[in-house]
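Q: Chain by chain, the residues:
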Amino acid sequence: MSAIQSGGTASISTERSKGTIAAAVVIGYGVLYGIRTLLGDGNGPFAQIFKTLYTVAVGVGFLVAFFGILYALASQLKEPWRERARVAVFVGPALILLIGGLIVPSVLTARLSLFTGSNTDKWYGLLNYKAMFTQRQNLLTLRNNVWWVILVTGFSTIVGITVARFADRMRGEPIAKALLFLPMAISMVGAGIIWRFVYANNPSKQYGLLNWIWVGLDPILPGKQEPHYWLQDTTFFGIKSDFLPGSNTVFMIIVLIWIQAGFATVIISAAIKGVPDDLVEAARIDGATDRQAFYKIVLPYVKTTVITVVTTITIAVLKVFDIVQAMGLGGAFENNVLANQMYTESFTKQNEGYGSAVAVVLFIAVVPVVWVNARNQKAMREARA
Amino acid sequence: MVNRRQLAVLAAAVSISMLAVACGSDSKSSDTAGTTGGDKPYAGKVVTIFSSIRDVEATRLETAWKPFEDATGIDIQHEGSGAFEADLKVRVDGGNSPDLAFIPQPGLLATLARDGKVTALTDLKADVEANDIGGWVELGTVDGKFYAPPFGANIKSLVWYSPAAFKDKGYAIPTTWQEMLDLSQKIVDDGGVPWCVGAGSDQATGWPLTDWVEDAVLRFAGADVYDKWVSHAIPFNDPAIIDAIDQVGAIVKNDKFVLNGSKSIPSTTFQEAGLPILDGGCYMHRQANFYGNQFPEGTTKGPDGQVNAFYFPTVKADDPKPMLGGGEFITAFNDKPEVAAVAKYLTSAEYANNRLAEGNWMTPNKKADASLVTDPLEKTFQDLLVGSDIFRFDGSDSMPSAVGNGTFWTEMVSWVTGKSTVDAAKAIEDSWPKS
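Chains as they are written, first to last, in the numbering used here: chain L, 1390 to 1774; chain G, 20 to 454.
Only chain G is shown next, with the shape it has when bound in the complex (with noise of 0.2 angstroms):
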């Protein structure tokens, strides 16, 4: 790694010095000699980045924000952990901070932010409201506070489908809930199945359902509801939570609309859940992006190919467009104007523009030019990541484990194979520790 960045520091200089020699004369081109050359802002100066990303992914990061470190004279010094949520703790208690982390959880930030061990980058508000899709504000805000603007991005509200099938069968993309259930009866009617469900994944079995429902009550009971149901401000088994709960089960205890059955779904193991899309078992298959992975050497991805995604979509074909996903906080630990001036770069399209060139991530940012995305699959999630209204983290994993990592699990697999919304969702908010 170490030799590839020494290269990229040699080649940049090589070009930057045969850029000289050719355009000698050109007064601008000299202008930009000079800065990179002579009066670089920040000339010298050192910002350490901690963060969970390492090997192939760390090396386009850091190929990323190359150009700035040239402009700049800033030297961006990036680790990844392998232990990174341990290790920051250490760090960070032991008075060791890095400059800045990208912490992927919003309870970690609010925990550090409520210790005071965060610089506020209240000054990139502005910058996180004109460019980020909505939500970021208030995830990177503590106690009315706003702490850390996004990073990176990935998704969950996604139906994988393919697209040769639907196109043969004359299938539309559904944009409403209930075209796609009406989509589901016509497939039904002509003699297929329409979803691939598979909860199985050991002792964690259960979660591909917890997505389904949290999908659904950010949709059918809105995202102020969803936060007030994570935070446990209403209970587990609301009204409009049983609602939404009820609207899965519509689809995913449907017998007729689920591969093999509904009680097929706790013995599916999630990662061969949505194969079957590939030879026609199943039309359509609900899974966060990192399924793209899951399908075979040698299946084409994207609009043309055997598999792409479509947006999970809302009730309303005009209501706000929520997505479901994770994300990486841009967190400040030092108050340095080099630090700020980082983490303002690192918010912008600039450097988004540059990160997507170098493939395999997503950005919020949508002043981001999609069309760098090299990959059909990636840019079809840039484009549905922008074009959505509201983000939301999975919200099981901010729930207390005993119910995000224990009950949602157990009674949702409860559920599917029997047992009522209403009966499943009261033993949860039993479940639910008191205080």
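Bound-form chain L, shown alone (with noise of 0.2 angstroms):
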């Protein structure tokens, strides 16, 4: 008897407590539209603010209130159809974003690829395509593409991994990482801005660090160490080749290590921490040494997080853009990267079927590493399950 007592005083205070807070919501809101009539036409900085806030909440109301109503709409229909339509109404909305955002995008995109003129309505096949994997500037650009995935994965991942190893519980520890993690904080084009100074050869004045060294280097080094164009050098420091990047794109790609080194030394690192100390013990204890505990043990015992780790950049990389678009002399230098053609033959240069093509190889590009951090993750689930 007490229990169904204590259990209807329980549900009258909950439904007590949703009449307040609807009341409160309802008479907050009353307030805000109050004010927001009051300032009328009003400009003042405090109007703009307030203007902004009033608008996002109004939004944010909305939102929750249409989820709120369709979701109470749910709960009234009996089972299985309630179950259904919850999840209808959670799923349903995220889908139409997909189905709209990205699927739809992603056939009209594949479609335009096929075609070509300034208005894109003229029938091409494949030409694009084959354009891409025959003419030399193309295949320059996808040959950028491949140094860019295999010198920013590779290199980033090497120094999270050493970091990672070297730094742990090393004094000083957590501000060397902070360190190495602050350029992931700047964005790509201020990263490009900052390193074309680095780069910068300025003869009336010269201010370029890389040249201040390079010259510096001059009593060391044999042969003459005179300032040089470094974003304007094709070759591979002197080696002219096909396969290689040029040292302008090497001087590019470097930017990019220094901005996702810190992600992977950040996450490595963590995932580190977490391998259980008596399994290293263990090790030490059987005669491994310091170098085939971690080779042997550490490492493979994060192998998913590295997987991860090179997976994310990858991707990062296959999208890489705005770098090449603040340092790359509008691509003039064999130096472009498939991101940035897709955006110049779009938009500036109005050939939308040759940008949709560059789109959907990259689209294709991504998908397997998608796929490989996808079972990755799925693996990790289960590891831990």
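Below, in silico cross-link-like pairs of lysine to any residue (SDA-like), each with a Cα-Cα straight-line distance of 25 angstroms or less: (1) Lys1594/L <-> Gly210/G; (2) Lys247/G <-> Ser1507/L; (3) Lys272/G <-> Asn1591/L; (4) Lys386/G <-> Val156/G; (5) Lys59/G <-> Asp354/G; (6) Lys275/G <-> Gln197/G; (7) Lys1519/L <-> Lys453/G.
Pair by pair, the computed Cβ-Cβ distance ranges are: (8) Trp1512/L <-> Asp243/G: 33 to 39 angstroms; (9) Asp209/G <-> Thr1523/L: 48 to 54 angstroms; (10) Arg1525/L <-> Gln197/G: 37 to 43 angstroms; (11) Leu1487/L <-> Asp449/G: 39 to 45 angstroms; (12) Asp449/G <-> Thr1551/L: 46 to 52 angstroms; (13) Gly299/G <-> Asn1508/L: 49 to 55 angstroms; (14) Arg110/G <-> Asp1430/L: 22 to 28 angstroms.
Everything labelled a hint here was simulated from the structure, so no lab data went into it.
Yeah, the Cβ is synthetic: ideal placement off N, Cα and C, and Gly gets one too.
Fit the two chains together into the complex; they arrive one by one in their own frames, and the hints show the way.
A: Pasting the structure below:
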């Protein structure tokens, strides 16, 4: 009896608190609306801030109310329809956004890639793709992208593992990792502009750090070290080859490594800290060296994390655009990448057909990486379970 | 802006009434008062003008046509838009055309004219022939029919220099291409560097070199070949074009002629490129009139200042003088007498004079009085513009985007850092969209 009673009280109290919340919300919105009306066309800083917040509040409010009402309606249904309706309420909008924002545009892009002309209305078949894989400039762009993926992913991961190994439990580890992670917080365009100063060659007034170092090395190195236009150099440090990236591309790649290495370090380092101490100790007791313990025990233990880092960085590199926008001098020095080409073809050169073909190729290139990533995530979950 | 305009109206009204009071007995002025007061030919009519001109510039052009509004009774309502091209398209397609628009692209004018949206201002052809420098009749003509007279213009065939440095060294302004080359060599012999060249402009790196080439084509091959080249009636790598590019190469690909050498050109931003003129780092810089704004504040400009501009010389002294640049077309969308009257007025020297007096403007109208321009640098520009014979728009803007915003830029960059003229021109020709 008492149990039923207490249950009843509880439900009454939740009813009451629901009512209080509803009343508070209504009153709150009433007050907001009142202030908004009072402000009218006011244009002062307070009015501006308030109006912005008001718009956000109204938008969020409507969204919550919309889902709340739909959910309440779904709850009125009888099982099994109730559960299904509830799922539909929450999954539905996401599904609509996914279809409208990703799947439909992908299909349209794939269709556009078969056309040409400034209005993208002339049938072109697979000729855009043919051009991409046969014309020299386009092949060089593909080459660059491959090197971007290899070098950025490789070096970022290696730096990440190395720092995670040697900085682990060192004095000043947090500071070292924070410094390494900091570039992550800088936008890629910002990073591009900063590094443009580093690589600058301005004979009237030299301020480029790299040229300063380069010229400073002159007494030590053989030959004559003179200020160099690094971002215009299409040779691989003097070697001219269609397979090797130009030094200009390498110097842009360094910028992205600078950004991504911190990410790799922080993630891998966190995983290493999660390796049980007794495991490593057992290995040491069995006579393993530091080095063996790390490579044979610790690294295999965090394998899935490393794969996550590698795939995430690979996806980021395939999309690289901003750095080349900021430092690429318009792609005139065999230094273009696919994402930048996609943009310039579509929007500056009004060759949307070709731009779409590049987008499709990028999309196809990303798919296996995403697949590996997803399978890896699944393996991680299963390992935990 | 509204307030200022109201003020202007008030000021005009007050001054007219004061005039009337002061000279009440004078028969002449009472006549004037009569026309402004009573029988204005278009009293109550409204003409709308749509353009990309805004803020201070809009106020200036509105101030300049105020007397016309007072005299005729036409209320000219001007609207400037930051997204002019897109907005104009929406309005014209939606049947909500302005009466007049100032269109800055010949391509857009041609498209709208061919779609039958534009009312031809055929009667003004004679005015343009009589008043304006050469080229504008053809530029305003689409498929043999004259549509639009010019409004304002800007110019690109300029070489920036320092009058003080030239005077100091005893250099004379070259009037032929050969004199320009000779002067360049003389400067080298004197231990200086003649040219500053910079083509860096992020994703648009290379465009300043395309301007060089266009200017050379106009000079070495002539305006007819230029038109054929831009419209692709002749291939991009036509021998005449190759020759013109080589003429440019004789300057910009000569390491002795260019400050820091040709290799510096892509990495030198166009904004910074010409600044060494101020401290004798170089002596000449070919760039459009807008470059005057790039010099640091406090720089004196004009024939007696620290920087000035001279006309990019022709091959022979008596060659017709081409002028590369841009400008707006007065385009009519409604066939009404008051619209035609406003268009005619805006084409006249009378309006040009009012507008010149307001500053920061150039007109291709030869009858306009350049002495009304107060700024010495602007006066130089105006004199050079009306002193030229054939006006042409920047050709790369009229070429297909794949070329004009693409390979023309990138190939010029490759060319200036080593690629041969023949190879670069062929690469551009190969990239020209088929059909």
